[in-house]
Each structure stands twice: as C-alpha cells, then as structure tokens.
Amino acid sequence: MTNNIKDGTNNIKNGTSNIKYELDQDSIALLTIDLPGKSMNVISSGLLNDLENLIIKIAQDDTIKGAVITSGKTGSFVAGADLSMLLGMTENITTIPAEEVFASAFRMNDILRKMETSGKPFAAAINGLALGGGLEICLACHYRVVADNPKITLGFPEVMVGLLPGAGGTQRLPRLMGVQPALPFLLQGKNMNPKNALANNVVHEIAPLENIVAKAKAWIAGGGKPVQPWDEKRFKVPGGQGAFNPGIAQTFMGAQAMVQKETKGNYPAVVAILSCVYEGHQLPMDTAIKIETKYFATLLQGNVAPNMIRTLFVNKQAAEKGIRRPKDIPPMKTKKLGMLGAGMMGAGIAFVSAMAGIEVVLLDREQKFAEKGKAYSEGLLTKRVKRKKMTQEKADGILALIKPTTDYADLEGCDLIIEAVLEDVAVKADVTAKVEAVVGTDCIYASNTSTLPITGLAKASRDESQFIGIHFFSPVDKMPLVEIIMGEKTGDPALAKALDYVAQIRKTPIVVNDSRGFYTSRCFGTYVTEAVNMLAEGVSPALIENCGVFSGMAVGPFAVGDEVSIELSYHVGQATKKGMGDAYPVQPADAVIEKMYLELDRKGKKNGHGWYEYPEGGTKYLWPGLGENFPLAENQPTAEDVTNRLLYRQAIEVIRCYEEGVLTAPEDADIGAIFGWGFAPWTGGPLSMVDTIGVKEFAAECDRLAQKHGGGFSVPEMLRGKADNNEKFYS
Amino acid sequence: MTEAYIYDYVKTPRGRGKANGSLHEVTPIDLLTQILKALKDRTEFDPELVDDIITGTATPVAEQGAVMPRFAGIMAGYGHHVPGLQVNRFCSSGLVATNYAAARVMAGQADLIIGSGVEAMSRIPMGSDGGAWAVDPQASANIGFAPQGIGADLMGNLYGFSREDCDAFAVQSQQRAKAAWDKGYFADSLVPIKDKLGMIVLDHDEHMRPEATMEALAGLKPSFADMGEFGFDSIALKRYPHVEKITHIHHAGNASGIVDGAAGILIGTKEMGDALGLKPRARFVSFADIGSEPVVMLDGPGRSAGKALKRAGMTTDDIDVWEINEAFAAVALRFIQELGLDSANVNVNGGSIAMGHPLGATGAIILGTALEEMERSDKSTALASLCVGGGMATATIIERV
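Chains A and B, in that order, are what the protein sequence lines are. Counting from 403, one number per residue, gives the positions in the first sequence under the numbering used here. Counting from 585, one number per residue, gives the positions in the second sequence under the numbering used here.
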C-alpha cells in the first residue's frame, strides 16, 4: 500500500475520499467518516489510508489542536471490517512470507497506535453502532462520547466469523474494563449499549445525538490530555493483572474450560483471543498489539476463519439480498398470506409473517384448531411484552393481523398461500383445489411439505408454474433457514415471490430443486443413519455420540435422532423403500431401526425411550440396552475415524445432491447445511470442508471408507471428476 | 557403580492443611529445619560431611521457594558449607529428591547426602505458583488441562471403579493407619514438631478419621462435579470420547488429605557409613520417572513401577512391600489392578487418604514407610510409587541389607 501524502504540509483541505475534514475556529478538526456509495462505513484499505494521512497531518500541524472523529452515516459510526476484503487477504496467504503477512495485518493497529501517541488529543463522537474495527477506532481515541440511544450497539463480533479484534480490541478493552469482564465481549461477541459502555469505562460520556460532536470538542478545548491511561507510568489494569495475580490465573484456567466446553476445540479464534489477552495484558501496548496481530495473522492463515467468513457472512448475506432471485421480475411483496393448517408449523409461520407486518389468514379444519394456532403467537408476543422487548400496543397490532378461520372464502385477496396440512397427497390436492376456487390467478401457492416431491403436488394446481415449495424448519420463529424448492414447472414469478417473502420475514433462503427429502432432510438423514450403521457394526454408542458432538455438529446423532424420533425414521425408511423399490440401498442401520421401533418399543424422546433413556425429572443417558442388543466389537475405531465417517457421509450426500441438480450452487449447499441441520459451522459447510481437506484427499478417503463401510461412501462422478482435474467446489 | 544406602529416615507428623491445623503456625523452613536437625542429632554426623540437601516441594514459591533447603540447612546448624537444591515434580518431588540424592552417590559424586521433602499446604496453597500448563491459553489448549480430581474420576470410570469401591478403599486406609499408629509402627521415625519455647506443637497425624464408615462417606458430595460441569469434563471427554460422561466419584473422604509436613532421608556410601559407624538399613535398587497422558494424568504409577522393575531385572513377584500414594482412591485401586497385586501387601499401614499428602514431602514419607514396614515384618524388598500431576509418575525400589 502506498501513501500519497506523507507529511503535514499536504493540502488536505476538505478531506479525503472517505473522510470529510473540517477545521473550526477553535482549531479543532472534525473528521467525518463517510464512505461514498455505502449505507454504512466499513474499514477498507482506502479508509485506512485516508485515516493515516489525516492523523499525520493533525500530528504535524502545530496550528491544529486536536480532532474529533465521527461518522457521516445516520445511525452508525463504523460497522467493522470489510469482510470481503479480509477474505481477499487470506487468498494464497500460505505462500506469502510471514513478514509481509504481519505487515499487512498490522496496518490498522499501527495507524491507531500512531493516533493515540500522536501528542494530539483525539475524541470519538459515536453517533451509532460501532462494531469491530469501528469500536477499535473509538477505543484508540483519548475520549469517547456516545449518543444516548439505547439501541446503539458497541461490540466485537469478530469471533463469530472465526476472527479476533485485530486492531487493539483485545488489548484496549481489558485495559479499560478489566481482564475478566472483558472476556465475554471478546469471546462471545456480546454487545454493549451506551449505558453498559459507560459503566465499563468503554466510553466517557453519553450525550444527546446532536451534542456529541460539541461534547467531544469541548473535551479537547478544555485541555483534554492526549495520553491513554495505559501509557501512563503507574497504569494498572482494573481488577488486577499479570501472571502473579491469582485472580488472573483462575480467570484463564476457567475461561479455557468454558470455551472448550462451548467450542469443543474447533474454533482457533477463541484460544487466540484468550492468548492475546493473557499475553498482551502483561506487556507494554506497543508490544501487546504486535502479539495481537501475530495471533490475528494465524487466523487468516488458517482454514476456519476464511471458511466461516465466506459462508456465514459473505454468502449468507448475498443469499439474503436475493442473489438467487430472477432479476427481471419486479418486487413481489407479500401483503396477505393464506396459511393452511394451524399446527405447529402453520402457527409458527403465521407468527413470523405477522411479525413482518403481513396480514395472515390462518385456516384449519375446525375453528378451535385455528384459534389455537393464533394463541401460539399470542404466547410469544406476551413473552416479549413481559420482557419489555415490545409494547403491548405493538403486540396487539401484530396479533390483530392474524385471522383464524375455517372458511376458505376468507382467503380471498391472498397473494401467497402456504400449505402445511397433513402429509398426504390426496388431502393436499383437495386443499389446493378449494383454495384456487377463491384466490386470484396471480396468487402463488407454496407447500411446506418436508417429504412429498413438489412436482407431484403441483399437479393438483391449475397452474404448476405458480406452485413452489417453501420448507420451514421447526421451531419456525427460531430457525433461520428457509429451503425453497423448485418443482419441475415452477416459474420465475413463484421463485421471486418466495424469495421476497423470505426476505420480508428476515430469514435466510436457499433454493434447491425437487427430490425426495429435497436437500436438507435428505442429507441430514445420513448423519443419523451413519451413526446407526456404526452402532450396527459394534462401535461404542458413547464414542459415536461424543464424536458427533466434538465434531462441532449442533447435536449428537443419537440425541437428534431421538428428537426426530425413531418412529419417524422407521416410517420414512419404509416409505423410501416402497418408493425406490429395488433401487433402495439396504444399510445395516435399517435392521437396527426396525428392531428398536418394532421389537424394543423405543420410539424416541416422545415415549421417553429412544437411543437415550429419559428418566422423569432426571437427565437423559444413552440407553444401556444398546450394548446388549448391539454388542460392542472387540476392536473399536479411533475417534478420528468415527468423526470422519459422520462428517464425510453427509458431505458425500451433499455432493450427490449437487451432481443430481438438486443443488445448483455450493453456496446453497453450505448455508443450508449449517443453518438447516446444524452442520459444524467451523467448517464453513460440507463443500467448504471438502475443499479444505483437498478434493483429491477427500475422494481418496471416501474410496477407503466405501471399501470398508459400503456404498454410502462411494464417490460420486462429480467428485471423481473434480479430484482428477484438481478442481475445487469453490473456484 | 557405587551403592547408595539409606542410613536414616525421619518425618514430621502431618497437620491439617488449614488455618485450624496445628502446623499452620510453623513456617515451611522451620518444618524442614527440624527434620534436618533430627537427622543430624540422631546419627551425630559431622554436618560438614553432607554434600548436599536436596528437597522436593511441589509449590516452591514465596517462603517455601527460592532454594529453601539451602537456608534450612544453615538454620539447622549445618553451617555455610552445605549447599541446598530444590526440586519439583509435583507430587513425587520428595521421592525424586531422594532418588537424585541416591543417584549422586551411585554416580560417585557424593558420599553423604540428604533427600527430603516439605510442603506447608496450609500456608502456601496448592496452585499458588500458577504455571503455564493450567493458565497460559496456548499451553492449556494444546496439552489439555483439567484439575486432578477430574482425571481421578475419569480413571475410576475407565477402569471400572465405582464410588463404593473408592469409599471402601478409603475406609480400609483409615483402619490400617489407625492400627499402625496404635501399634506404634511410626514411633521411631516421628519427629514431633516443637515451637520456639520447646513445647510440642504436634506429635501425631491429625488428619485421620478412623471412625469413618461407608455410610458416612456415602453422604459426601463429589468434589469435582461442579468443576466438571463448568467445562473440564468436556476437555476430559474430548480426550476419552468412548466414555459417555464422567461420573464423579471422589470426595474429601476418598482422596488424600491436604496437610502440612516434611520428611528426610540420610543417604550415603558404604564407606561413609562405616566411617560414621552407621548401619545401612537398605540400598537403592532402581528408580524411574515416566510421562503419561496429561488429561487423565494419574495413571502412570503402574508404568513407572514396571520401568523400575525392568531396570532392576525384577518382576512384581520380587517385591514384598508396596506403597502407592493414595492421591485418590482410584489411583491406588488402578495400581493394584494394573500390576495384579494382592491388596494385602499394598499400603499395609494406611496411606495419604487417612494421614494426608503433604505434596512435596510424601515421596520421602512413603519410601520411609516402606522401609520401616520391611524392617518390622522382616521382608526384603519394597517399591514406592506416586502419580504426578501433568501425567507423570515416579517409582523407587529399595532392598534391605
């Protein structure tokens, strides 16, 4: 990176392209960060260049007293780093010499350190949210005033994408608020509002928005000292510091246990953050920020952060912004939703829709069922009011949007129908006909079926192009993903409508093509089935379950198998067998599930007896009878083998879906896996995982597994081709 | 190779390692000083002849740190010419100090030397030295750290010892210790600790609970369940994923007591013994230290014993008297199980569950206990071993002469 202006004699009159510069009559500069063409400021290399130039100018120009930094964006100061830029930095990073990686990673730390040691007072006027690098700019200022809006969030969300606050955040926050209190903000990405920030010494003053710049300037005019507390001779970290402090030793011993329990050792960022704080808080700031940068660089060099950034941030955001939406269809906002079936799914969909301001007609066979579905929303809204997250008035307004009914005539005027009735083709067809008799021809009809192919259901419709699958996950109000399923004849308007609706209810969409179990149910099933296959082979159930948990999957395979219920697994298996006929690939798991359900009456969590035993009032434990009915093999596999089988089997199915055209993009595969069935987020999703392992290496391991454990692992042509051509899933 | 002989062994009584413990008023340097004085007074050697004072201490910080044995020697009247050396291998420090003292003799680099250990746990609590393994996030994440009790509970789970098994072992330890005390088995080596006025501060092991019953122990809450829940169980299970969950079986009643205490062993060559007119009581046959998996951390004694036996060309059948430190009941039970021992020959006079485990001193104490038991029962060989934090273990074999 080059700096155009290196000295203070330059002629920055009105600022730079990213920062507006104004000098007032008191010789106090106002730097207003305002990235052109963006709704929020993000840390980009251009912004850093500009900031550095201005800092140099202010430091060297004797006529300037000091500077206030604020933002030109309404409601936000700086939202953090440009993650796409960071992702770019990670490309080929392993081939770049360590010195260069360090230098580029150290850049922002260096600039902010120059600012706080420039000899000129800098004050931050924080007008809105300041996250990550945004908050780091603030913390490097000598004085910080924040607007008195309780909705303003200040925090370090870096850990969520596998990173750490790499511009002094891990150093300045503990020095301001104490080591132990700072850890949750760094390790969990917890936010604080202005009040918490003031109590934690993170800001000095809260003021009405219109006064923050004046207050910041007043501090400078009043002789504000341009020295940070940690640069004072007798500085002590509040609450104690150093390896000799027993409290500090306890804190790190305990923090490690907590983060390991949470992360199972799969997230290098949490350990890196702990180390930044542990090592850094014992060092002078100039050395401390270098340590921080070194740990930051290790995360950029690793696989976890780039994979997480790509899937959990960049691609997820692109999906939410409609990357899969047909471009030439005008916006198709849903105004009136017809929700068919007021069971658990229907009630949940009605709730999230009403929350988005959509009028909902909630229809069921009997009025009491429909009312019960509406009562679900009432319960959730009451909770929000009780927790002071919502006013009673607003809650009443939302509830009033839901009309429970049994009368199809009430569906008149609906522009979107979502059907969540009994999983029976005939019942669904009947409902479709009844609805279409009432609604207009441009109304889009969606089914929330989780098992029945959309193309088949669409045949009951007068216009198959208007028919689509919108598959929600349970509980609807908590699960972030929606799987949109294209039937063979589904048209672009239906897709646009579905995506616009998903955007309205603020969920993350993936778009897949029709297939048995679509994408998520089909691939998720392999996780549990592979666990049961291993059980059939005599692998210790505890080993299987723990490997699932430690691999980073949201839930162990047997625990989640019980949630879904063994009963359902049995019925789905039977239906699949029937559907596929001779093509059905028999697996060792089939006999186990049959025996569990038919012989041993173990249905799952719902009857208290599944893979686990659920004692009343006690904690569940793996059913000891598993050992008797499925005896342990003498030689147990290693944990690595078991873990690989659990993760790789899912990835193979994902690749099959891609090969068969159920999936059309790796982004959908990875987002759907993580948000749909809890695939280990640290991997960035199954296809990111395969790319990281190496497609060739992954295929070779699957060949080995297929030989030992059967066709589930047989390498799909698509994978073979990519392995042979040295291609990745993400190019 | 020169033979190294044991000429004398003394120990302090063990005081409760709390503010209400009798030895709480006694500084660690005073404990060690009284041990060194006792050795000198009992055998009346010229202290100038002592080549070194090696002392094990598991938490060598503050008043217990900074090469304390050097200064205890001067306080004990050994003069300025006797150096001191402090060693630390956590719980086996006292045995390591003794082994290394013997090794100096065997290597021909010392003629008269003291191996010893001291730990004033009521004054310098365990863990006061912090350390890298448990505290530095890089170390704890890479190596895996969980408190010893978690490892002990896990050992019970791994090798099939229940809470009841551990409680039964604890009751036996109490009963055996009581019997040994009642019969005066410890009388010869015991150095009552005195105050400045010469009054006796403590002359018996005050941690013992001979009245302990299975019923009483059954009422105690497992000590490590909360810590496990906090996150340490997860760390342990990640290393041992075939264990479904950790069942916490250890508590204050079936784990070693936290106590204050010290012990010393006088070691020398045959020639030095002859010159001083001392009768050798035993010779060092072999010793070994090993490293083992650090999360479960306490399962090393069997392997350290095996290594020492192999070095000596012996088998378990060649050992008459066994001492395994009762850090936790499961450690001793696993040692017996792993080596296929007859528990009638193991810790016959009780152990640390009953009498307490002054970390750095225990190694010297159990070696001395083995020596005295051989002499009492007219047996000829003994093996003493301790599990060690961080996944280590030490074992020593001695033989009567």
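To be clear, the hints were calculated from the coordinates, so they are not data collected in a lab. For glycine and all other residues, C-beta sits at the position ideal for the given N, C-alpha and C. Just so you know, not all the hints are guaranteed correct.
[To be verified] In silico DSS-like pairs for lysine-lysine, Cα to Cα no more than 30 angstroms straight-line:
1) A:LYS774 - A:LYS891
2) B:LYS829 - A:LYS1007
3) B:LYS829 - A:LYS696
[What the hints assert, rightly or not] So these bits of chain B aren't anywhere near chain A, every CB distance computed over 10 angstroms:
4) ASN604
5) ALA687
6) MET798
7) ASP817
8) PRO864
9) GLY897
[Claimed, not checked] Pair ranges (Cβ atoms, derived):
10) A:GLY1096 - B:GLU748: 48 to 56 angstroms
11) B:ILE727 - A:ALA505: 30 to 38 angstroms
12) A:ASN613 - B:ALA650: 57 to 65 angstroms
13) B:ILE727 - A:ASN1037: 27 to 35 angstroms
| field | Violated hints, by number in ascending order, as checked against the structure | value | Violated: hints 1, 3, 7.
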